[in-house]
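From first to last, the protein sequence lines stand for chains A, B and C. Sequence positions in the first sequence follow my numbering and run 1 to 283. Sequence positions in the second sequence follow my numbering and run 284 to 526. Sequence positions in the third sequence follow my numbering and run 527 to 843.
Keep in mind that the hints are not guaranteed to be accurate.
[What the hints assert, rightly or not] Under the rule of at most 30 Å between Cα atoms (straight-line distance), these lysine-lysine pairs were calculated in the DSBU-like manner: (1) K421(B) with K839(C); (2) K82(A) with K837(C); (3) K445(B) with K417(B); (4) K825(C) with K82(A); (5) K637(C) with K353(B); (6) K85(A) with K837(C); (7) K825(C) with K421(B); (8) K296(B) with K637(C); (9) K421(B) with K837(C).
These aren't lab readings, by the way, just hints derived from the structure by calculation.
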Amino acid sequence: MMQIIVQGLLLSGLYALIAMGFMLIFSIGRTLNLAYGAYIMVGGYIYFWLSQQLGMPKIVGFAGAVMVGALMGFLKHRLIVKPLKGDAVAVEISTLILAIIMQSVMVLVFGDASKILLPIIPGVVTVAGAQVTFNILAATVMSWIIIAALYAFVRGTHIGRAMQAVSMDEKGAAISGVDPDKINMITWAISGALGAAGGVFFASYTQLSPQMWVAPVIISIAIVIVGGIGSIIGTLIVAHIIGFLEVSIVALWAPELRGVFTMLLIIGVLVMRPQGLFGREEH
Amino acid sequence: MTLALEVRNLVKKFGGLTATNDLSFDLAKGESLGLIGPNGAGKTTVFSQIMGELRQTSGTIKLYGEEISKLTTAERIAKGVSRTYQVPRPFAELSVRENIRVGLMPDSLRAMIFGAPDRSREAELAQSIGFAPKDLDKTASELAMGDLRKLEFARTLATGAKLLLLDEVFAGLTSGEIGMIAELIQDLRQRGFTFLMVSHDLPAMEPLVDRAIAIERGTMLANGSFADVLGDKSVRASYLGES
Amino acid sequence: MRTLDLRPHHLVLWAAFIALMLLMPLMVGNGTLRTMIFACYLAMFAISWDILSGRTGYLSFGHPFLIGIGAYTTGILTRRYGIPVEASIPIAVLVTMAGGLIILLPALRIKGSYFALVTLAVMELMLQLVPVIRPDLTGGTRGISRLPALTRGAENGYYLAAGLMLAVALFAWLLMRTRLGTALWAIGMNEESVRGSGLSTTRLKSFAFLVSAGIAGLAGAFYAHYLGSITPRSFFDINILFQIIVAVLIGGAGTIIGPIIGAFFMVFLLEWLRPYMPGTERFFVYGSIALVLYMYQPKGIMAIVDTIVSKMKGSRA
Ligand SMILES: Nc1ncnc2c1ncn2[C@@H]1O[C@H](COP(=O)(O)OP(=O)(O)OP(=O)(O)O)[C@@H](O)[C@H]1O
Ligand SMILES: [Mg+2]
Chain A
1 MMQIIVQGLL
11 LSGLYALIAM
21 GFMLIFSIGR
31 TLNLAYGAYI
41 MVGGYIYFWL
51 SQQLGMPKIV
61 GFAGAVMVGA
71 LMGFLKHRLI
81 VKPLKGDAVA
91 VEISTLILAI
101 IMQSVMVLVF
111 GDASKILLPI
121 IPGVVTVAGA
131 QVTFNILAAT
141 VMSWIIIAAL
151 YAFVRGTHIG
161 RAMQAVSMDE
171 KGAAISGVDP
181 DKINMITWAI
191 SGALGAAGGV
201 FFASYTQLSP
211 QMWVAPVIIS
221 IAIVIVGGIG
231 SIIGTLIVAH
241 IIGFLEVSIV
251 ALWAPELRGV
261 FTMLLIIGVL
271 VMRPQGLFGR
281 EEH
Chain B
284 MTLALEVRNL
294 VKKFGGLTAT
304 NDLSFDLAKG
314 ESLGLIGPNG
324 AGKTTVFSQI
334 MGELRQTSGT
344 IKLYGEEISK
354 LTTAERIAKG
364 VSRTYQVPRP
374 FAELSVRENI
384 RVGLMPDSLR
394 AMIFGAPDRS
404 REAELAQSIG
414 FAPKDLDKTA
424 SELAMGDLRK
434 LEFARTLATG
444 AKLLLLDEVF
454 AGLTSGEIGM
464 IAELIQDLRQ
474 RGFTFLMVSH
484 DLPAMEPLVD
494 RAIAIERGTM
504 LANGSFADVL
514 GDKSVRASYL
524 GES
Chain C
527 MRTLDLRPHH
537 LVLWAAFIAL
547 MLLMPLMVGN
557 GTLRTMIFAC
567 YLAMFAISWD
577 ILSGRTGYLS
587 FGHPFLIGIG
597 AYTTGILTRR
607 YGIPVEASIP
617 IAVLVTMAGG
627 LIILLPALRI
637 KGSYFALVTL
647 AVMELMLQLV
657 PVIRPDLTGG
667 TRGISRLPAL
677 TRGAENGYYL
687 AAGLMLAVAL
697 FAWLLMRTRL
707 GTALWAIGMN
717 EESVRGSGLS
727 TTRLKSFAFL
737 VSAGIAGLAG
747 AFYAHYLGSI
757 TPRSFFDINI
767 LFQIIVAVLI
777 GGAGTIIGPI
787 IGAFFMVFLL
797 EWLRPYMPGT
807 ERFFVYGSIA
817 LVLYMYQPKG
827 IMAIVDTIVS
837 KMKGSRA
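Please model the entire structure based on the sequences and the hints provided.
Right, dumping it as structure tokens:
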């Protein structure tokens, strides 16, 4: 039982982190950014490359992943999203194509086989009778630090508030002196950085493979929609529902059914309550 | 006298905002009623509720004596009510003819697959609203604002409904075009059509309506002849005082 | 045939196209024919996707799911229950339509992006579910092998694939020329206005979905017999989805010939690249070409051809 609670908290923290980056983009322009999965994947691989293949310090690997993620987010906004001028279908399709391209780049550079990341911090600790690796503990603590920092940033800084303003009403924000274009660009970059950071932790939790991006991207999109778009609290709650659901099913029933129930939950909620569990109806 | 439309105690809330506030009014068959009010008064919201595009919070709507609140938009249109949109919503990549064709289609898959389009009726409708024969094959995205409004009107007429809700049909039109649409409305009134219309162009609307109601923040201010409603003190304060 | 507004040049073009496809085995070798077989199946998947998504704008990211149901149904019926293909393929089509209807129909009521997400989740669900539920029937991760072959040799395989594709294309073309086709297209441009014209959009979308699912199931079932073996990874996979969508977009959504051209173009592009790039680089180049073409002209090759033709006409006049 303790094992489930501890593991559940850990996995949920990770999911919450991944979902946050997606939420930023989704709340401006409702863009279903499938290439968000590419940040997750590329983040994991860049970390692997720098810290494991080149033997650099882990912090350099992590910083490198985050920077590449931010750069990808920035470039995507400049080269794809902006030229398509908010045509949602076109953005969805081109981001899908982009994600597949990035997947093939990863295969090209790193090969098709899965890779195991060495623990970011080696060692095991016993928490309330449950065995927890330092690695996953560190991942969760980092996730929470990042989430808290993001929250403080969005609420407390000028740029953060401008991001919120743009997400609610682009024209209104423009009138009140905020340059939506610049804010959008910053948001895309931050989203890319968050995705890459989440990717490093996610890869250390599972493993690194070129197909690893599909499930986390569906889960993070779903967490955001099911949690009610733009609601940070709702996002956290749903991340925990899914995290605990998966951990419980693995522990109590059958590990191979883990993803099945997540997908069923997502499908069920989207079909029956498209505004999400904690969101208000949109017109 | 049969009633075409009976709206009783209609209320629509968007979260904390009450967009329609206990509104009641009637519309007799063949009558033409003007609905006026300042920006954001809730005129369009009333239309959307009559059409079932928005569900009312409470209250009833009867069409030709029948409660329609549970019907879908398509079912309501089949019973004889149809609307235009304030911002025209054409099918941008279809031709003028095809836009009208969509309005003419019966709501039956079998008929849509096996029935032939009525090309002469399409042309006739387009012509009645002032399209030249050469305009029929133009793509909607090539049209100017005035033509888009005319197209919207034609598609609404094509549904065969006898009760038409017109939302700002004159906005963005030249005076020549306004005259043409006004003439068409008069002609349709002769032929027994019923109208509920919204317009900020009061002089253009005046000759086209038998009666008017004024609303503000969803609440009825006045109901009577066009002159009386415009003369009403509260209407002058809220509406005319503003503009 | 006033319903369809058929013109003489339509007849000529179709006859030429059918003749070209059927004479192909006389002109090319067996290797090329095998490539064309795959292109024919991809074209059918693409037509199926286009009928739903290309017209109504409801993006289906779950088409591999539909194709997979068709393939698995006929696979299970023939291999586990010994049912002949004459029965198993029609059953597979019906099962695909029914399965798609039950699972995806509720999703058609929700708006664009959410529909795409639900269909993507359904595909991922199947990828995870098929290997673990009744592995005695589905064969688990290893799938089902030694499906009965329908034809022998590349030439016969080609005739079957090309014949099916022509039949599917002709059917879809005729259907889309009716008023129903116009209405579906109108939904993609402005769904509220279609509703405001008195049409039940849910019924229209459901119908488009059923036709799309039927074609996907049919093509998926025949494709499974052509391949001879099926696995969850080879069907419920995002790369299949990618190939389908790219074929439609590169060719031109909302047309029938577009997805066919797109499928052949992309399949042969991969083949031509093979000598120079034996590995995964090909998919990188392929994806990049797709992205650049799409960003340059979202309406695809058909629109590019149209522009060129009208320019040539313009300069002559
Ligand atoms: N879908 C919606 N969700 C929330 N609020 C809405 C919605 N639609 C309209 N409103 C609000 O309801 C009020 C009435 O709007 P409505 O569009 O009906 O006004 P109107 O009288 O048609 O104005 P106008 O003359 O500008 O067309 C406005 O305050 C508007 O902001
Ligand atoms: Mg209005």
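Cross-check of the supplied hints:
1. Between the alpha carbons of K421(B) and K839(C) the distance comes to roughly 19 Å, so the proposed pair stays at or under 30 Å and holds.
2. Between K82(A) and K837(C) the CA atoms are separated by roughly 29 Å; this keeps the pair inside 30 Å, and the hint holds.
3. With a C-alpha separation of about 28 Å, the suggested pair K445(B) and K417(B) falls inside the 30 Å cut-off, and the hint holds.
4. At roughly 18 Å between alpha-carbon atoms, K825(C) and K82(A) fall within 30 Å of each other, so this suggested pair holds.
5. Taking the CA atoms of K637(C) and K353(B), the gap is near 22 Å; set against the 30 Å cutoff, the hint holds.
6. A hinted pair counts as satisfied when its Cα atoms are at most 30 Å apart, and K85(A) with K837(C) qualifies at roughly 27 Å.
7. The hinted pair formed by K825(C) and K421(B) meets the criterion: a straight-line CA distance of about 19 Å does not exceed 30 Å.
8. Restraint check for K296(B) and K637(C): satisfied, since their Cα atoms lie roughly 22 Å apart, inside the 30 Å limit.
9. Pair hint K421(B) plus K837(C) holds up; C-alpha atoms about 19 Å apart against a cutoff of 30 Å.
Violation of the numbered hints given earlier is absent; every hint is satisfied by the structure.
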